[in-house]
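Let's have the full structure, built from the sequences with the hints guiding it.
So the sequence lines, in the order shown, correspond to chains A and B.
Going by numbering that gives the first Met the number 0, the first residue of the first sequence is number 0, and it counts up by one from there.
Going by numbering that gives the first Met the number 0, the first residue of the second sequence is number 0, and it counts up by one from there.
In case anyone wonders, no lab produced these hints; they're calculated from the structure.
Since we're looking at a predicted model, the values are computed, not measured.
Glycine residues also receive a C-beta, built at the ideal position from the N, C-alpha and C atoms.
It is possible that part of the hints are untrue.
Claimed, not checked - Example chain A residues on the side facing chain B (calculated, C-beta under 10 Å, incomplete):
no.: 1; residue: VAL74
no.: 2; residue: GLY131
no.: 3; residue: ASP195
no.: 4; residue: ILE197
no.: 5; residue: SER198
no.: 6; residue: SER226
no.: 7; residue: GLY237
no.: 8; residue: GLY259
no.: 9; residue: ARG260
no.: 10; residue: LEU271
To be verified - Label pairs and their in silico Cβ distance ranges:
no.: 11; chain 1: A; residue 1: GLY259; chain 2: B; residue 2: GLY78; range: 42 to 48 Å
no.: 12; chain 1: B; residue 1: ALA293; chain 2: A; residue 2: ARG277; range: 29 to 35 Å
no.: 13; chain 1: A; residue 1: LEU310; chain 2: B; residue 2: GLN16; range: 29 to 35 Å
no.: 14; chain 1: B; residue 1: PRO105; chain 2: A; residue 2: ASP81; range: 51 to 57 Å
no.: 15; chain 1: B; residue 1: ALA293; chain 2: A; residue 2: ARG71; range: 54 to 60 Å
no.: 16; chain 1: B; residue 1: GLY266; chain 2: A; residue 2: PRO30; range: 51 to 57 Å
no.: 17; chain 1: B; residue 1: GLY321; chain 2: A; residue 2: ASP305; range: 42 to 48 Å
no.: 18; chain 1: B; residue 1: GLY322; chain 2: A; residue 2: ARG126; range: 44 to 50 Å
As the list claims (entries may be wrong) - So these bits of chain A aren't anywhere near chain B, every CB distance computed over 12 Å:
no.: 19; residue: TRP28
no.: 20; residue: GLY41
no.: 21; residue: ARG106
Number of protein chains: 2
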Amino acid sequence: MQIAAPYLLFLGDAADQLAAKTADGIARWRPQNVVGQLRLPGCRADLGLPDVTLEQAQSAGARTLVVGVANRGGVIPAGWLDTLSRAIELGFDLAAGLHQRLADQPRLAAVAAQLGRRLFDVRQPDRGFEVGTGLLRPGKRCLTIGTDCSVGKMFTALAIEKDLKARGLKADFRATGQTGILIAGSGVSVDAVVADFISGATEWLAPANQDDHWDIIEGQGSLAHPSYAGVSLGLLHGAQAQALVLCTEPGRPHMRGLPGRPLPPLGECLTLNETCARLTCPAARVIGIAANTAGMDAMQARRWLDDAADLLGLPAVDPLRGGVGPLVDRMLQ
Amino acid sequence: MQIAAPYLLFLGDAADQLAAKTADGIARWRPQNVVGQLRLPGCRADLGLPDVTLEQAQSAGARTLVVGVANRGGVIPAGWLDTLSRAIELGFDLAAGLHQRLADQPRLAAVAAQLGRRLFDVRQPDRGFEVGTGLLRPGKRCLTIGTDCSVGKMFTALAIEKDLKARGLKADFRATGQTGILIAGSGVSVDAVVADFISGATEWLAPANQDDHWDIIEGQGSLAHPSYAGVSLGLLHGAQAQALVLCTEPGRPHMRGLPGRPLPPLGECLTLNETCARLTCPAARVIGIAANTAGMDAMQARRWLDDAADLLGLPAVDPLRGGVGPLVDRMLQ
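Pasting the structure below:
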């Protein structure tokens, strides 16, 4: 799976700005891959990109129309089909990370088959995997882990990749979820692989590499999340990451989707992850904390980060406020 | 999925006794569900059951022909198709746990569809699952965990179920692998579910129950196995078992399939499993050790079990030599 850039970002009839967060992530992290946005009547999201027609995007070189919007249920509404079908006819591939698959829409599948265009449903793996081996492989790897789901693991990984590249170092972001895959143009939705192959899929995603090359692997879920910890553990074992970055959102009242269940203490979460990671990477250690402090004012955030740094003896940053420089400094020590 | 008993056990042209180990497990643990064995020319396995024809088995009340043999690659050889097809025509359902699916054999699928018979491919889940919640549910549960794959987790779970029932207590074996499912007639092959749903599938498999009812859940893999630990962790969280039984095979030179990788120390494996299990079941504890000491003589085995019991302060048994009574005593304390 390698989604061809540049992209035209399709926002459909997004109900609000948040509904277009996949497109927003692509525009933020891969602006060079985006020629514009395409919105249908009633769309309430705006990424501040040029509004272009299919034909204009095509003239600008766009090769893939990316569905960058999610709606309730992750379905493909009938109202999108004319636009999506026309895009295929004009020569675009399509890519989406919705629950409902592009390939399961008979009209889209027929046109794509006839014209030889590709339909990328990034939520489903498009290949099989071997079981993991745990064998030590060359190359450097960093994995973002979390106290919970949706605490900034993808954002942090992308920020670290960007910082490493800005320093002139070799680095690749490795995507494990649908938004990450659409940003990177490739990857594996690890929570959708057959359970036996979680670690094997991760070994495939971040294979042996040069000794001075960093793969920055997007984490999923949390060892502390009763719904998804199996995915997180397979990913941790397969990643074989020397550097782990612990992501969290201070002040979150409970684990995502599980009212009444508190988040784990940072220190416990750190220790459990290091213990488990060392099964396949004896050198693994948490090298810092990345916190989403959006719910705090600047002073509260500063205090929280200082306290966490003191408590754990590690750099603690909010990637959105101050960047990830201190994490990368520690990674490279 | 509920496979109808009694069964006729199909051994095909098994190359040796070991190839028929699935059938052997069924005959050992559910003899009341078995009317006989059916062997093709060249079969080198013999379970010591009556050799019967399809027609004789039918007269004896058999409702399902169970493929109890595995061959290299898990395929359905062309030489079996006449017999399997004829069984469907006579009114049998078919069940198998091979990689190749009965339902993917056009000839079998056509006859089964025409006559309304069922084809059970127990390696693939036949339904979807919700994600796990980790919410505490009533009922008592025991999960067999392991230092490695193939150390006797299914055998131990079945032995515990049998012991509980012999004491007049309410207990159900809950199968998580293909042989276990064919023995129990139902279950979920948890390593074949989509990764996101490992714990949810386990919650479904061993649901809320009466306070004095025990579900004895078959474990899979090991938290210490780099290939499969994700499955083991999701199963541990979903099982929400108050009682864990740690299974092992003393003297095994390396983790299954991974030459050079030693088995974890028993104590470390115990601690890690208890730590992780308490996320969804704060009362979880390892209540004993079940060792497969087949590679030792009686005196060596006795010494190993005594040493393990002293080291961990827990009962240690070989289910095949002395039964699981001491484990059940401890479970019920």
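task = Please write out, lowest number first, the hints stated earlier that are contradicted by the structure.
result = 1, 11, 13, 14, 17
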